[in-house]
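Chemist: The lines below spell out each chain.
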Amino acid sequence: MTDDIGVTPAGLRKWSPSALRAGRAIGVLSSIALTLMGLLLLTFLLARFLPADPVYAIIGDNADRDTYERVYRELGLDQPVYQQFFTYALKVVTGDLGMSHITGMPVVRDLLEVVPATLELAIVAIILGSAAGIPLGVLAGTNQNKPIDHVVRIIGLIGYSTPAFWAGMGILIIFYAQLGWIGGAGRQDPYFFGEVPTVTRLVTVDALLAGRVDIFLDALRYLVAPALILAYNALAYISRMTRSFMLEQMNQEYVVTAKAKGLSRGKVIWAHAFVNIRVQLVTIVALTFGAMLEGAVLVETVFAWPGLGQYLTRGLMFRDMNVVLGSVLVIGIFFIILNMLADFAYRQLDPRTR
Amino acid sequence: MTLLDIENLRVRYPDTHGYYEAVRGISFRLGSERLGLVGESGSGKSSVGRAIMRLLPDGVKIEADRLDLEGEDILAAPEKRMLFLRGKTMSMILQDPRFSLNPLVPVGRQIMEVYLEHVKRDVTQARARALEMLAQVRINDPERTFDLYPHEISGGMGQRVMIAMMLIAGPRLVIADEPTSALDVTVRRSVLEILDKLVTETGAGLLLISHDLAVVSQFCDRVLILYKGRIVEEIDARDLARARHPYTQALLASIPDMRHPRSHLPMLDRDAIACLDSTP
Amino acid sequence: MHALTRQGLRAYLDPQNVHSSRQAAAQGLVRGGIQILRNPSGLIGAAIIVLLVLAAILAPLLATHNPYAQNLQQVLLPPGADHWFGTDNLGRDIYSRIVYGARATLTIVCIVSVIVGPIGIIIGATAGYFGGLVDTVLMRITDVFLSLPSLVLALAFAAALGPGLDNAIIAISFATWPPIARLARAEAMTIRKSDYVAAARMMQASDLRIILRQIIPMCTLSVVVRLTLNMAGVILVAAGLGFLGVGAQPPLPEWGAMIAVGRQYMLDSWWTVTFPGLAIVAVSLAFNLFGDALRDTLDPRSAR
Ligand SMILES: Nc1ncnc2c1ncn2[C@@H]1O[C@H](COP(=O)(O)OP(=O)(O)OP(=O)(O)O)[C@@H](O)[C@H]1O
Ligand SMILES: [Mg+2]
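Chains as they are written, first to last, in our numbering: chain A, 1 to 354; chain B, 355 to 634; chain C, 635 to 938.
Since the hints were derived computationally from the structure, they do not count as laboratory data. Idealized CB from N, CA, C, for every residue including glycine. One or more of the hints may lead you astray.
Computed footprint of chain A on chain B, listed as stretches where at least three residues anywhere in the stretch have a Cβ under 8 Å from a Cβ of chain A [to be verified]:
hint : region
1    : 360–373
2    : 450–463
3    : 579–587
Only pairs whose alpha carbons sit at most 27 Å apart, straight line, appear in this in silico BS3-like list of lysine-lysine [stated by the list, open to error]:
hint : chain 1 : residue 1 : chain 2 : residue 2
4    : B       : K474      : B       : K415
5    : B       : K474      : A       : K267
6    : B       : K434      : A       : K146
Pulled a few chain B residues facing chain A out of the computed Cβ check, cut under 7 Å [stated by the list, open to error]:
hint : residue
7    : M407
8    : M446
9    : F500
10   : T540
11   : V541
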């Protein structure tokens with residue numbers, strides 16, 4: 001093709017496709033590394049600006065001067081700022097995020113506990129949100145300005161105008177307090193604590209692995225409300241984006257071609273137009289999945305879900321800066337990884353980028 | 355035998371104040387022949403083609419005293435019947451392969467799709483027929499081309515893929531809407547020749563839409579001249595030189611001629627034509 | 635130019651009779667405004683926003699009680715004739731607190747926009763105009779901020795700055811400038827290539843002058859639209875901060891903080907959380923509706 005037009009830049013000819021791909025991968029990786037460095041710097045600066053004195057946070061308010069001086073030096077606060085940053089970065093890279101004074105545990109260990117809880121929530125939510133949001137968006141986008149389009153739009157508008165924490169409370173009042181259909185605070189009935197061996201740290205999966213349907217169903221009762229709220233938020237965004245992508249595709253010439261072939265409306269939509277929005281949808285779903293951590297912070301607080309969000313808010317409340325920074329870092333890394341995956345999927349799904 | 359019989363066809367697009375009438379009552383018949391539909395940009399050519407296929411967007415009004423395909427009233431046909439007719443009995447070749455092929459589906463599959471839909475649900479047969487069609491439109495390496503994506507083939511190849519796709523189910527009527535205007539002049543001819551040959555061989559009717567009177571007069575038996583949504587002249591291609599309508603004459607005069615080079619080509623005198631606008 | 639008398643106003647807005655670019659701009663604004671209000675979502679959104687502004691300005695007139703006045707004899711009263719939305723745990727009138735809460739919300743939205751708009755424009759325009767290394771560095775920084783959801787980022791900043799409404803505003807601003815900068819950069823990159831910038835360069839205009847006089851004015855419209863669309867998000871983040879206790883502090887009436895307090899009593903006294911929540915939903919819905927209508931007006935393709 002390029003020969004046809006004769007515009008292949010001379011410099012590119014020398015490179016084989018695989019070398020080009022490798023070069024691009026290196027480019028992507030180095031930009032990710034830079035973003036990560038930036039994230040580290042950001043959290044480091046935040047830590048330096050925290051008004052709470054990190055020394056007092058450790059030794060308590062009424063320790064004597066000598067202890068203070070000693071801890072001050074132990075924390076490396078007497079060193080120049082760049083050196084402190086270097087020490088901090090080195091520690092983080094080697095997996096040391098410091099101790100949490102609210103749990104008395106290393107932050108990394110805490111994170112290993114709380115991240116799976118959030119993932120369990122977020123995975124269920126993103127699956128439900130995409131499963132409902134994508135078809136709704138396609139429906140709206142292919143029936144522009146018809147009643148169904150307006151209905152989907154309103155569903156979406158309500159979705160991203162409603163604070164997740166408030167919706168959570170409403171559900172707790174009605175379905176937990178009044179009707180008793182769902183579990184209240186936490187991930188499962190305390191009665192079942194420690195009943196099944198911890199394998200994946202996802203309570204539902206662990207229960208199934210152990211063959212305990214009763215525990216699985218109990219966990220589901222706790223999972224359903226927070227997951228549905230997050231799913232609704234996801235649905236709102238995904239359906240809106242899907243709609244606008246579909247609108248754009250339905251106006252393309254190849255859709256006329258597909259119709260001229262005598263394909264049914266369903267085939268025109270799903271086998272032609274939809275194929276062309278898949279790539280964009282992957283990116284949107286990945287972004288939504290990342291944004292779900294934001295909803296999780298609030299929803300977990302309302303439902304006392306022992307996940308990353310709740311951990312972060314507790315850290316905030318008790319001014320435990322290692323907890324705050326560790327959580328923020330994990331969320332940032334999570335985001336960056338998602339972006340990377342979306343980018344990768346993009347290259348795989350779109351033949352034009354291969 | 356009459357394939358297509360149109361009487362008083364009107365197409366109206368909704369706009370801010372009511373409707374804009376793009377096609378204003380045209381009538382013609384088409385048999386097993388090659389009919390050219392010529393007019394300047396905006397004269398309503400594509401609107402005619404799409405009205406016949408009933409492919410205009412919702413809200414666009416199509417009216418006619420008669421719009422029959424092989425004796426069947428298309429305007430009254432239910433959408434289900436239209437799905438059968440489109441691609442099978444009549445098909446349409448679109449202008450620009452860069453936009454009219456699905457960019458994310460390999461071209462072979464796009465061709466097979468029509469066969470699977472209208473001829474037989476048999477993937478092996480469909481593949482074999484699609485390869486045959488690719489060979490018939492003179493694609494050098496059908497096996498290889500079959501698996502390529504539209505961005506991997508040239509414009510001329512793309513248009514030939516389009517032709518293969520639209521002829522694989524053996525339609526009786528082929529509407530080609532400016533099939534070559536997006537192509538390089540050097541490949542225009544060969545693409546048109548392929549189209550012409552295939553259509554003539556199957557005895558189908560061809561409605562060739564173009565703004566290029568020179569091309570149409572070479573490839574068609576008969577020519578309709580469309581101006582502002584009305585047919586101003588219907589004439590045998592051989593007789594074009596004797597066209598009576600001033601618009602046709604003006605169009606003819608603006609075709610460059612190698613044998614009689616001129617320093618400049620005359621322009622249309624719209625005011626003169628506007629006076630004749632009321633003539634049928 | 636016409637005097638803006640009653641008769642003159644009509645003449646001033648006559649599209650057949652334009653004398654200055656300012657007049658043309660005014661006419662564009664009026665026409666756009668009318669078009670937005672013809673759109674049902676635009677009308678509803680605008681109406682609620684007007685209501686919000688009125689509530690904030692006229693709070694002393696609209697409130698039935700002093701929003702700070704505690705009355706321990708009348709705690710957690712259900713909605714009734716005296717207390718339309720009931721009372722909270724300290725016997726304060728929830729309706730009056732919601733009316734006064736409009737002030738906090740409006741303050742946050744306005745100040746955040748005023749901070750974020752210029753920052754985003756300057757960073758974006760500089761990056762887009764210069765390109766190259768400047769662009770790379772600035773966009774890397776933007777990427778770092780974009781790698782965190784805005785609430786999380788705002789939380790982190792709020793934690794660093796300490797609680798309070800002022801700090802919440804700064805924290806939210808830190809969290810919401812990156813998308814604006816991205817947008818301004820994209821605009822600046824297209825403007826940079828335009829002929830009139832080339833002309834300005836040829837006349838030896840300095841970079842600073844070109845950025846200030848050519849690039850920034852051209853970015854402003856789309857940035858303003860984007861800011862409007864962002865406001866709903868800002869309101870939700872602010873409410874979230876208030877709810878988590880790092881935003882506005884008691885006894886200041888702020889809707890998110892009111893919900894946080896009401897949460898402890900919600901199982902028996904649903905009104906303590908319901909009404910402040912409805913206020914948040916209404917206002918963020920309003921900005922979403924208005925923003926949609928605004929975009930439909932400016933970009934007819936997305937409308938119909
Ligand atoms: N979707 C549409 N909505 C409104 N008006 C339309 C639409 N499509 C076409 N028209 C109008 O109908 C008239 C005829 O358009 P049509 O596409 O049939 O012309 P054409 O002869 O095919 O022109 P071209 O040579 O440029 O393809 C034009 O004036 C155009 O403005
Ligand atoms: Mg056309």
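Chemist: Hints broken by the structure, by number, lowest first?
Modeler: When the structure is compared with the hints, numbers 1, 3, 4, 9, 10 and 11 turn out to be violated.
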